[in-house]
Amino acid sequence: MKLSLKLTTLLAPVFAIIVAFGLSTIMLYLIGEDPIETFKIMYDYGKTGKSIVSILNRSVPLYISAVAVAVGFKMGLFNIGVESQYLMGALLSAALGAAVALPSFLHITLIIFVAVISSAFWAAIAGYLKVKKGVHEVISTIMLNYIGTGIIAYLLANIFFEKVELSTTAPQTDLLPETARIPSLNAFLGIEDLPNLHGFIIGAVFIGILYYWIVWKTSLGFDLRATGSSPMAAKFSGANPARLTILAMMISGAFAGFVGIAPLTGYFFKYTTDFPSGLGFAGITVALLGRNHPVGMALGAILLSFLERSAQILDLKDVPKEIEKIMQAVIVLTVVVAYEVVKRYVTNRQIKEASKVVAND
Amino acid sequence: MINFVKKHYLIILPIVFIVLIAQMDKYDQLTTSGTFGAAIRLAIPICLAGLGGMFSERTGIVNIGLEGMMIMGTWFGAWAAWLYGPWYGILAGILGGALFGLIHAVGTVTFQVDHIVSGVAINILAAGVARFLNVVAYADQPTQSSTQSPRIDGDVGDFTLPYLSGGADTPSLFGYLQDLNYPFISDIAGLLLGATSNLSYISVFALVLIPVAAWVLWSTPFGLQMRSVGELPTGSESLGVNVYLMKYIGVMISGGFAGLAGAYLVLESSGIYREGQTAGRGFIGLASMIFGNYRPFGIFMGSGLFGYADALQLRSDDAVHGLLILISLILFIFAIKQLIEKKYINSSISIALSIGFLVWFLNSETVPSEFVYFTPHLTTLIVLSSASQKLRMPQKVGQPYRKGELN
Chain L
1 MKLSLKLTTL LAPVFAIIVA FGLSTIMLYL IGEDPIETFK IMYDYGKTGK SIVSILNRSV
61 PLYISAVAVA VGFKMGLFNI GVESQYLMGA LLSAALGAAV ALPSFLHITL IIFVAVISSA
121 FWAAIAGYLK VKKGVHEVIS TIMLNYIGTG IIAYLLANIF FEKVELSTTA PQTDLLPETA
181 RIPSLNAFLG IEDLPNLHGF IIGAVFIGIL YYWIVWKTSL GFDLRATGSS PMAAKFSGAN
241 PARLTILAMM ISGAFAGFVG IAPLTGYFFK YTTDFPSGLG FAGITVALLG RNHPVGMALG
301 AILLSFLERS AQILDLKDVP KEIEKIMQAV IVLTVVVAYE VVKRYVTNRQ IKEASKVVAN
361 D
Chain X
362 MINFVKKHYL IILPIVFIVL IAQMDKYDQL TTSGTFGAAI RLAIPICLAG LGGMFSERTG
422 IVNIGLEGMM IMGTWFGAWA AWLYGPWYGI LAGILGGALF GLIHAVGTVT FQVDHIVSGV
482 AINILAAGVA RFLNVVAYAD QPTQSSTQSP RIDGDVGDFT LPYLSGGADT PSLFGYLQDL
542 NYPFISDIAG LLLGATSNLS YISVFALVLI PVAAWVLWST PFGLQMRSVG ELPTGSESLG
602 VNVYLMKYIG VMISGGFAGL AGAYLVLESS GIYREGQTAG RGFIGLASMI FGNYRPFGIF
662 MGSGLFGYAD ALQLRSDDAV HGLLILISLI LFIFAIKQLI EKKYINSSIS IALSIGFLVW
722 FLNSETVPSE FVYFTPHLTT LIVLSSASQK LRMPQKVGQP YRKGELN
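Just so you know, the protein sequences line up as chains L and X, in that order.
Numbering of the first sequence is given in this note's numbering, commencing with residue 1 and proceeding in unit increments.
Numbering of the second sequence is given in this note's numbering, commencing with residue 362 and proceeding in unit increments.
Hints listed in this document are in silico derivations from the structure and should not be mistaken for laboratory results.
You can trust all of the hints, since none of them are fake.
Derived DSSO-like pairs: lysine-lysine, alpha-carbon spacing no greater than 30 Å straight-line:
hint : chain 1 : residue 1 : chain 2 : residue 2
1    : L       : 163       : L       : 270
2    : L       : 133       : X       : 703
3    : L       : 235       : L       : 132
4    : X       : 698       : L       : 133
5    : L       : 40        : L       : 50
6    : L       : 270       : L       : 321
7    : X       : 764       : L       : 352
8    : X       : 698       : L       : 132
9    : L       : 321       : L       : 50
10   : L       : 235       : X       : 703
11   : L       : 343       : X       : 757
12   : L       : 132       : X       : 757
13   : L       : 343       : X       : 764
14   : L       : 132       : X       : 703
15   : X       : 704       : L       : 132
16   : L       : 235       : X       : 757
17   : L       : 133       : X       : 704
18   : X       : 764       : L       : 356
19   : L       : 40        : L       : 321
20   : L       : 133       : X       : 757
21   : L       : 235       : X       : 704
Remember, predicted model here, so these are calculated numbers, not experimental data.
Assemble the whole structure, with the sequences as input and the hints as a guide.
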């Protein structure tokens, strides 16, 4: 019985993926492409060794971003501000990381620490505004995204970058020294012929475990979840919702701080105007897809990265690769509906079974 | 009079300060008719989005998807306007937005998905769909790009109020008053002149919709049914109102308004569809709805404020610099108010911030362009955090409703 319930829940994402494929088949057909052929090309390209490494590298920050969003969800908070939170952390840690000389372990720890702290405090503003001023966090975090983007652009161009007359170099921070870079796993895994598999993938696994531990295994996590599902009940049990809201926002922001670490210490080594952006929004997709479950989100992140990577080949075949964006979006939309349907089905069944038990007594 | 000032000092004081600051030559852009003209053009899409939010929330559905519906409005508006002309663009924008409203309604009303989750999914979907359609629709254009449309001729002619603002070769009273350069009188004349001259017919259409929306919601049986659904759905159902249908209609009208807002942006402001051109205006619209306490004229005032901030941002960096001293003054007044209320810590923070802004004002010539860019967003945050306390929102907004259930 219990197992079959879990299986029913799993049906939702599977159903969503089928719908997404169905809809994109129709779309491809409408614009005159061969859907089967297109999916086959995508799949063939997506399963090459090079692609798999790239998919794993992409999914690391995506997964962490999803975790950051999920922490908020668990607390009943919708943190749409992961975007500016992780960029803020990445910029500040890149600037500081390039300015100091330390032994490798300390250097990397310092970079992570700075990123996490600055992201957490940037997120705290939204928590404060919600608690003290009653501003809904969706609106405040979105506005803070724009404000943060502006502040980051200003800091990058004027504070962390020496402008040279007549030079066309885009604003960027100094390169991180060797000690601040996390090595790749290729030598360790014996896959030297493939592109670099970034070492922070192990960090992502730890972050998943940390998320699970904080939310489900600590009393703080219990309070957070209780406040999320019923603020009134939590209040009567002695929790302080105002303090917890700010704290939850900060924890969510702290996780967001980890998002930029992989690109920064793995392959960018500096903060520039084309530092990967949009991960915060993609994280919302993954969190919804994986239902805030640490493993579910990992699968979701890998799925989306797979779609993104395998769509790259479509340009060469003259199929608009934007079809992948539609697939992503349809998956999210269908999955939230499907989860709701499954939830209702499961509740109905539980009620039926419970009444059967009562009737038999 | 004194009571009125006491009650509305948060609105009156900033206006008085702005007019005073505008007396300095460097900051006269703060109150010219050009700035107000730009402000009203920028306020209209925000206002439309806010009205859209109102229609949805009045029927009990939170609509965070406004931004996505607006994106659909920009894309469909641009596409139809490019093919057939501006008015078709407006129509297509409305329909595109309403279509996404329908999706939101299916999710939230029929399947009872969390409203915010569904709305965010709508935003993600709209961004993807717009990108895809843009690639497909303009594939054989020479200027093909995945993020832009070809240039669109959005000219539908414009309208200027006769006699007061000089429309149809009549004398312009407001223009005359503005040129006199008397404090206050000229500033207010500038405002009125900007708001009533060279308005395109699309703008006129949009402005007319504000009283129409108010009339529909508050003076027709249909509007009463819609509002009742957001307040007490079980009660309305017992009186024979089709609750689901009302919610569907509300969310679709909401999408239509947001779509119109998007089409307006394309046809009036930029003359081109560009990815990301909505720039959070759907959310600012939502903020103006909260600021306006879920009422059309309140929304109009709120969007006027945000439009003004946006106009300053676009027209003149100097004017934004003038706002620094405004912020400093307002913070100073806050500090005094807090001191009277014996909130000493808050008061000293306000004083410190006030001095900080004053120092910044005195030691700089302009505000960095990166900061100027987020003036409207910062304004949104500040306004919401100082004004969102005494709201009266529809009772059952955001709560799922299932037929036959007591809630």
